[in-house]
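Protein chains: 4
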Amino acid sequence: MAVRVAVAGASGYAGGEALRLLLAHPEAEIGALTGNSNAGLRLGALQPHLLPLAGRVLAETTPEALANHDVVLLALPHGQSAAVAERLGPDVLVIDMGADFRLKDPADWKRFYGSPHAGTWPYGLPELPGARAALEGSKRIAVPGCYPTAASLALAPAYAASLTENEAVIVAASGTSGAGKALKPHLLGSEVMGSMSPYGVGGGHRHTPEMVQNLSAAAGEPVTVSFTPTLAPMPRGILATCSAKARPGVTAEAVRAAYEKAYADEPFVHLLAEGQWPATASVYGSNAVQIQVAYDPAAHRVIAVSAIDNLTKGTAGGAVQSMNIALGLDETTGLTTIGVAP
Amino acid sequence: MAVRVAVAGASGYAGGEALRLLLAHPEAEIGALTGNSNAGLRLGALQPHLLPLAGRVLAETTPEALANHDVVLLALPHGQSAAVAERLGPDVLVIDMGADFRLKDPADWKRFYGSPHAGTWPYGLPELPGARAALEGSKRIAVPGCYPTAASLALAPAYAASLTENEAVIVAASGTSGAGKALKPHLLGSEVMGSMSPYGVGGGHRHTPEMVQNLSAAAGEPVTVSFTPTLAPMPRGILATCSAKARPGVTAEAVRAAYEKAYADEPFVHLLAEGQWPATASVYGSNAVQIQVAYDPAAHRVIAVSAIDNLTKGTAGGAVQSMNIALGLDETTGLTTIGVAP
Amino acid sequence: MAVRVAVAGASGYAGGEALRLLLAHPEAEIGALTGNSNAGLRLGALQPHLLPLAGRVLAETTPEALANHDVVLLALPHGQSAAVAERLGPDVLVIDMGADFRLKDPADWKRFYGSPHAGTWPYGLPELPGARAALEGSKRIAVPGCYPTAASLALAPAYAASLTENEAVIVAASGTSGAGKALKPHLLGSEVMGSMSPYGVGGGHRHTPEMVQNLSAAAGEPVTVSFTPTLAPMPRGILATCSAKARPGVTAEAVRAAYEKAYADEPFVHLLAEGQWPATASVYGSNAVQIQVAYDPAAHRVIAVSAIDNLTKGTAGGAVQSMNIALGLDETTGLTTIGVAP
Amino acid sequence: MAVRVAVAGASGYAGGEALRLLLAHPEAEIGALTGNSNAGLRLGALQPHLLPLAGRVLAETTPEALANHDVVLLALPHGQSAAVAERLGPDVLVIDMGADFRLKDPADWKRFYGSPHAGTWPYGLPELPGARAALEGSKRIAVPGCYPTAASLALAPAYAASLTENEAVIVAASGTSGAGKALKPHLLGSEVMGSMSPYGVGGGHRHTPEMVQNLSAAAGEPVTVSFTPTLAPMPRGILATCSAKARPGVTAEAVRAAYEKAYADEPFVHLLAEGQWPATASVYGSNAVQIQVAYDPAAHRVIAVSAIDNLTKGTAGGAVQSMNIALGLDETTGLTTIGVAP
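Protein chains in written order, with the numbering used here: chain A, 126 to 467; chain B, 126 to 467; chain C, 126 to 467; chain D, 126 to 467.
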């Protein structure tokens, strides 16, 4: 089987990571590469780490360029995916690495993005209850946000097992690639090296409603989320420190058991040995999620910490994993749980 | 006036930072420099950034070496300060940058440090209610821990104004100098660059009871603290993201007003303009505390974020500030609110 | 004495560093702050580390705004300084932190900058032979480039003492602030962290003719320079590794002696103890130059390595040092040799 | 075919990288893992990025533990490989990632290492003239040092084509993993972040004679090397800036042509498009060598710059590449030219 895959938005970080993974995917054949502002440029100048594609030239993102592929991966600005997907037809597997089809509630979309809601596609986080089945055979997939991937996997087992009250507090640190290749002063190397800073504090980050959606589904009742993202001086990685008040009678053993059960058969989620805590360096370039959980008896809270690579499991790896499921391939094809460290 | 100051533990990061500040202090004269394992070595080899002291040689930390000074700054391992202080006599200003005299409750000390409690000295965080008065004329000062400095200043106004419920959640990122110069594998540059990781999760960090002590005092009732420290890939800086559930009826305006009032006259605490958030780079090498606060109506929480330099305001700068107060000098002598950035 | 100083280009890195130093300068009073694209903005939003100036608002860079100051520091794009200086009149001390007045040979200027040559001002590197005298009382000063500062001080003693052949090889690593605040993709944090890369290889960098000018002057005959700059994953600092073939009969002792003699009385140049090598961290935020030199008998070369802070000694510190000399103040006023480390 | 591979020294950086690559090698089966000081510990605690091996426990490095493998990779301290290799017998492929068997001249070994010379094995840098043939079918391989890999590949084509004089100047920046996991103060994260510093200046670094050996072989006459290594604030990567005086009549076109010819058929060496320069980030985790070369007419020098990952192509990737050749496998098996970036 040779799956022909196009990547729209191939000059950015998400698109580049998708290409890095697809180059190592035994069933994938890389087709069209598009990118509007960089159309006409050599990929070698834009993504110098992808040597085998150095001579490829970017096309414009048009329906014609993306036609005749089995899979189209979209790494486009918000609001552009629906129009592209429509032109591709229902038989093409369209995987959106942007936000357009993640949220179920149109009011959430409107409040956080301000534009009309495009709809909802099957959600590409197979480790959530029920999610994997919805991806099998699907022709449309919405890849989760990077922060929701890290935070939802950290807390879902606690909510699914009714161990925690319905108010979650999430503080996450992200590497700068999470902000993309946009030329903004605060993303300059001179500004970010040696510095930690928060942004979108107080509920303003667009990934908040996605976390609420995931954790509420796991809990079976509404969960509120206080989410504070911070920018960390590293190119990749998310460390999500997540906690919620424990329900009465909860014990450390019950917490551990719930997480062991939840992730026993997951190929990419790794509950660490007791006493060991996640580090983003350990999942650098890998599709693994490293998780550890603790119960604090004094504060009476469950604290779960997860580490992912925001570009791999948090974006392009999640996309490839979901693609594998949708196509009926082994879910782990072309993906690794081995990080590049130190 | 010339204040003669000795530094015990001059080869470590806290001692080095104390010397950096004392070199710029117009009233201080640097006296004995001691350090046990490095006794006999040139400071130029140990602290190559302190050029004016490059030729000084470290003595052993003995009562004789530390005698005949107006002030003795201690940067010693836990449990060693009491014996040294006793030998120095009651007329010498002894400032302990270690933990020995911070906690009031001997049971807390025993639980977190395991050794007998040495006592409690006036607490060197003058911005806390009542703290400044206790430092005036004092001959003994306990410098706060770096995390408690950042977190207490972030949340104390909310508790003092009864804006928040008595359960605080604190997630803080620290630069690696907070862990000192100890040779541990996880502190190697190869391990920390590009990596974020938590430690002491679930209430185990020794700074937790100090935060509980400070916030409970501000609130006038017991406050529980869920504290998760994380190690960040930067040499200096702490970013503390702190939150607590808002009490009924609290508004964003009331929160802002409480913080404006609390810090209006503080020379080192700077409440940022609305919409601007702290970054550790902005306080690099400075004694400033940058704070911002928000109210999240959806999660119904108050979120306060502070940035400090862990070695300056978090350790040696706090020590010098408290020294100034104890000696009756202007509190800001020899200290700056200007960071070295970018 | 109160010297009133204006800074044109106050929103950039050079301008911000000048303000950081002037705030600590006991004789300086900060006057007008200008910046074209950022005119009207609060400095607190642009330079958040300069808390005492947070409320100041940038004006446009006009002759009117800069009038009525004793000193005007220019941090402007290439080619703009001459017109501004002309309008300020001959009695104002104008210090250009840009390149316009550094080169003596109009042909050099034309070849590397492409525009007409504006002229040559006294060169603000007082440690070079003869340079200090030319600065005394001067009303015009050209601040050297950051790389030429590091490289010229590293090799000038060898050339002045006729120890080396007239072909120098210089490879220097610079922190990213050396490239300024310009929004270029390769300066994004995601790109620079974890990466070293060269640029301007093969003689193309504009600082090359300035090095040739300085080293030729020291040698008293033409010296060629092979200069390769590299971008390093740090915000500040230059490490210049410089070498040249030793002349026949040169010994390690002769080399050491030449450097000891050259810098014995210089307040900012520190020849390290034998066996110790410079590190950029040791001069972070300081005006010091740390230098070490070795003789390699197998390769028969003299290797000199220097470390500076590119923004301090390499730009704004050099400007303040020269300003002090021009005004007849103590040369070290407001400057330090103490770095912020670790 | 299943090749059973043991790794001695599996807890260090070289051993860990070897395991990372072997896990992705379709023909390799990972056998014994040994490590003296860490014997008895779980690999999950020592190499947390290698999830598939998390449960493996390290054995002591004994002949018994290493017996019965097709290949034994040695990542041992200097001087220990000969004794181990002898016990393994002549039929086992022994690949030494240490220095013991790299140098041909016993006097060089004695001068730089101080111990008796163990001998010389076929040299695992197949891209050097004649090297590949010597590796085919060999049962003993000496993996080159990381700096010599980068520098020799950068300059060998110039020397092989007689374009340059026989005095080379090499300044290289290395990530901290090149110094291994040894607990030394200058390798602490607090010391290395934000800092560049040289070491072993003046010909003292042990990789110098290896460069001399390689470049002299390429030139067919003795070449002297001035080598200055610098420590850079990044975990991985080497950027080697190498130059030598051009011979009379050399042109930029001749230089380019020589490099194009030298590396036209090499699967891992990539001569970049003209105008593009190497960056270590582009080869992060990959076995690629990115090279660019320029001719500086003013300084009359050829400047070649190479970027490698010191742990991959510079150590373990070079070992696997050579293993593939020795075993008759496709040379690229299990290796990639795709870096993990940004």
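The hints are simulated quantities; they were obtained by calculation from the structure and are not laboratory data.
Here the structure is a predicted model, which is why all the values come from computation and not from measurement.
Take the hints with a grain of salt, since some may be wrong.
Given that identical chains are not distinguished, each listed pair holds provided it fits within a single copy or across any two copies.
To be verified - DMTMM-like mimics (lysine to aspartate or glutamate), calculated; alpha carbons at most 25 Å apart, straight line:
#  : residue 1 : residue 2
1  : LYS370    : GLU346
2  : LYS309    : GLU399
3  : LYS306    : ASP230
4  : LYS264    : GLU152
5  : LYS370    : GLU189
6  : LYS235    : GLU346
7  : LYS370    : GLU385
8  : LYS264    : GLU391
9  : LYS370    : GLU290
10 : LYS309    : GLU346
Here is how each hint holds up against the structure:
Both within a single protomer and between protomers do LYS370 and GLU346 lie at most 25 Å apart by alpha-carbon distance, with minima of 16 Å and 20 Å respectively. Within a single copy, LYS309 and GLU399 get their C-alpha atoms only as close as 41 Å, which misses the 25 Å cut-off; across copies the closest is 20 Å, which meets it. In this homomeric assembly, LYS306 and ASP230 never come within 25 Å of each other (Cα to Cα): the closest approach is 29 Å inside a single copy and 41 Å across copies. In this assembly of identical chains, LYS264 and GLU152 lie within 25 Å of each other by CA distance solely inside one copy; the values are 18 Å within and 36 Å between copies.
Within a single copy, LYS370 and GLU189 get their C-alpha atoms no closer than 53 Å, and across copies no closer than 53 Å, so neither meets the 25 Å cut-off. In this assembly of identical chains, LYS235 and GLU346 lie within 25 Å of each other by CA distance solely inside one copy; the values are 22 Å within and 42 Å between copies. For the homomeric pair LYS370 and GLU385, the shortest alpha-carbon distance inside one copy (20 Å) is at most 25 Å, but the shortest distance between copies (31 Å) is not. When the C-alpha separation of LYS264 and GLU391 is checked against a cutoff of 25 Å, the pair qualifies only within one copy, where the shortest distance is 23 Å, while the shortest distance between copies is 41 Å.
Proximity of LYS370 to GLU290 under the C-alpha cut-off of 25 Å is found in both arrangements, the shortest distances being 5 Å within a copy and 13 Å between copies. Proximity of LYS309 and GLU346 under a CA criterion of 25 Å is satisfied in neither setting, with 39 Å inside one chain copy and 45 Å between copies.
Hint check: violations occur at hints 3, 5, 10; the rest are consistent with the structure.
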